Amino acid sequence: MNNIDGLIEHIDFLARNLPGFDETYVVKILLLEVGIPERGISFDYVEEAVLLWYRDSMRYLSKEIYPTIAKKFGVYATISQTERTIRLAITRAWENRDGIWEVYFPKSQKPTNTEFISRMAKILEMWRSHCEMLKRVEGGR
Amino acid sequence: MSFDEKESLSDRLKKELDKKEPDRDTVIQILKAVKKEESGGEQTDPVLERYGKKPQKEEKSNRSSVWKRVAVAAVVCLVLLSSIPNVFGSESIFTMIGQWTKEIFSFGKPSDKEFVYQTDHPGLQELYDEVAKLDLNRNVVPTWLPEDAELKQLDTQYAPNGATIFAGFSYTDGYVGIKIKTFDKDAASEYQKGAENAILYERADVKHYILENNGEWAATWIEGNAECVISIKDKDILYKMMDSIYFLGE
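Protein chains in written order, with my numbering: chain Z, -10 to 130; chain S, 1196 to 1445.
Just so you know, the hints here were simulated from the structure itself, not pulled from any lab data. The structure presented is a predicted model; accordingly, all values stated were derived computationally and were not measured. Accuracy of the hints is not assured; some may be wrong.
Claimed, not checked - Subject to a maximum C-alpha distance of 30 Å in a straight line, what follows is the list of computed BS3-like cross-link-like pairs (lysine-lysine):
(1) S/Lys1248 x Z/Lys111
(2) Z/Lys52 x S/Lys1402
(3) S/Lys1230 x Z/Lys96
(4) Z/Lys124 x S/Lys1347
(5) Z/Lys111 x Z/Lys99
(6) S/Lys1231 x Z/Lys52
(7) Z/Lys60 x S/Lys1210
(8) S/Lys1210 x Z/Lys124
(9) Z/Lys111 x S/Lys1328
(10) S/Lys1227 x S/Lys1215
(11) Z/Lys61 x S/Lys1214
(12) S/Lys1249 x S/Lys1328
(13) S/Lys1249 x S/Lys1231
(14) S/Lys1347 x S/Lys1328
(15) S/Lys1230 x S/Lys1248
(16) S/Lys1209 x Z/Lys111
(17) Z/Lys99 x S/Lys1214
(18) S/Lys1227 x S/Lys1249
(19) Z/Lys111 x Z/Lys52
Claimed, not checked - Label pairs and their computed distance ranges (CB to CB):
(20) Z/Ile30 x S/Asn1409: 44 to 54 Å
(21) Z/Glu53 x S/Arg1398: 22 to 32 Å
(22) Z/Thr101 x S/Glu1345: 20 to 30 Å
(23) Z/Glu127 x S/Glu1232: 11 to 21 Å
As the list claims (entries may be wrong) - Covered by chain Z, per the in silico footprint, the following chain S stretches (three or more residues, Cβ under 8 Å):
(24) 1203 to 1214
(25) 1217 to 1225
(26) 1233 to 1241
(27) 1320 to 1326
From the three backbone atoms N, C-alpha and C, an ideal C-beta is built for every residue, glycine too.
Let the hints inform the model, and build the full structure from the sequences given.
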């Protein structure tokens, strides 16, 4: 089975079998699956960045997403620190990657912050569309 | 799987995810348990089954597509380079850099300082967003341009050993070209320079070399594995643009 088919099947599995899960839970699952370190603040930053891209359609990291995260997480968070924290979290996930990583990121290069965040937000959109499709087909979950 | 059993595993999963630091192993095991129950133990999930296993290499299937990309990139680069004289006049400043014949000068080691990019110029923001994909340690994009400057061209070419981003802006008195080219390894490279000595301009611990050719000025410098060039006819604007990279357009 190729990576795309595997990803679609996995999204179908998540949509069918996790009743009542909204995107705040699903994004955590996706980030844990690819190996974003769960310890420390970096997980929260990456999670927030993906949700801002997905929910609020923010597309500019430097102008919108990083400042929003820095503001949310307190006085010690700066924009550059936010960018660096997210970049290091992605780097760590990339360096320790297992087979799950390549399903989400088939390219053999480490993704940039933009590539990673946009990709995870896209998968979240796929999950949401799939949930809505199931609702229509099965008459609600 | 009954609704109660599914709910119980879902509750456990939610509880784990609600923790301040949810455990990856636990989450994966619960998901596997859900899958097992759903399929009666017969099927595995294609993503979860790869947990803890080494990534499979995809060299063979990618080889032909890599060479195709190289060929396409080479053709596009040729087209781009041949179009540069139309933008900048009689001779391309970028091809000039590769043709110096006399002395050699080398760049110092790059710096790792962080920078927060802010600009009011939408064209520069577009360029920055493109350059951000290269994941350089430090900003290389000016935050300031002449007020009437407009982005006319923004191209990115990827090749197996690196990428080239080129942006062309036009303003009342001429054109500005900005090129960032990455390499496989640290671009502590050597350049050959022409008869005129390169002027060393150091800002924020970065060594820039300023050269003049046929009435056009170019600034070149290294950042990590990227070689950066700005070219323009107006030397004062060139310096101002370079300063704006490090000092927020002051």
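Going down the list of hints, with the structure as the test:
| no. | hint | in the structure |
| --- | --- | --- |
| 1 | S/Lys1248 x Z/Lys111 | holds (25 Å) |
| 2 | Z/Lys52 x S/Lys1402 | holds (28 Å) |
| 3 | S/Lys1230 x Z/Lys96 | holds (27 Å) |
| 4 | Z/Lys124 x S/Lys1347 | violated (47 Å) |
| 5 | Z/Lys111 x Z/Lys99 | holds (18 Å) |
| 6 | S/Lys1231 x Z/Lys52 | violated (45 Å) |
| 7 | Z/Lys60 x S/Lys1210 | holds (28 Å) |
| 8 | S/Lys1210 x Z/Lys124 | holds (25 Å) |
| 9 | Z/Lys111 x S/Lys1328 | holds (17 Å) |
| 10 | S/Lys1227 x S/Lys1215 | holds (22 Å) |
| 11 | Z/Lys61 x S/Lys1214 | holds (19 Å) |
| 12 | S/Lys1249 x S/Lys1328 | holds (26 Å) |
| 13 | S/Lys1249 x S/Lys1231 | holds (23 Å) |
| 14 | S/Lys1347 x S/Lys1328 | holds (20 Å) |
| 15 | S/Lys1230 x S/Lys1248 | holds (18 Å) |
| 16 | S/Lys1209 x Z/Lys111 | holds (22 Å) |
| 17 | Z/Lys99 x S/Lys1214 | holds (28 Å) |
| 18 | S/Lys1227 x S/Lys1249 | holds (18 Å) |
| 19 | Z/Lys111 x Z/Lys52 | holds (20 Å) |
| 20 | Z/Ile30 x S/Asn1409: 44 to 54 Å | holds (53 Å) |
| 21 | Z/Glu53 x S/Arg1398: 22 to 32 Å | holds (28 Å) |
| 22 | Z/Thr101 x S/Glu1345: 20 to 30 Å | holds (27 Å) |
| 23 | Z/Glu127 x S/Glu1232: 11 to 21 Å | holds (19 Å) |
| 24 | 1203 to 1214 | holds (count 4) |
| 25 | 1217 to 1225 | holds (count 5) |
| 26 | 1233 to 1241 | holds (count 3) |
| 27 | 1320 to 1326 | holds (count 3) |
Checked against the numbered hints given earlier, this structure breaks hints 4 and 6; the rest are met.
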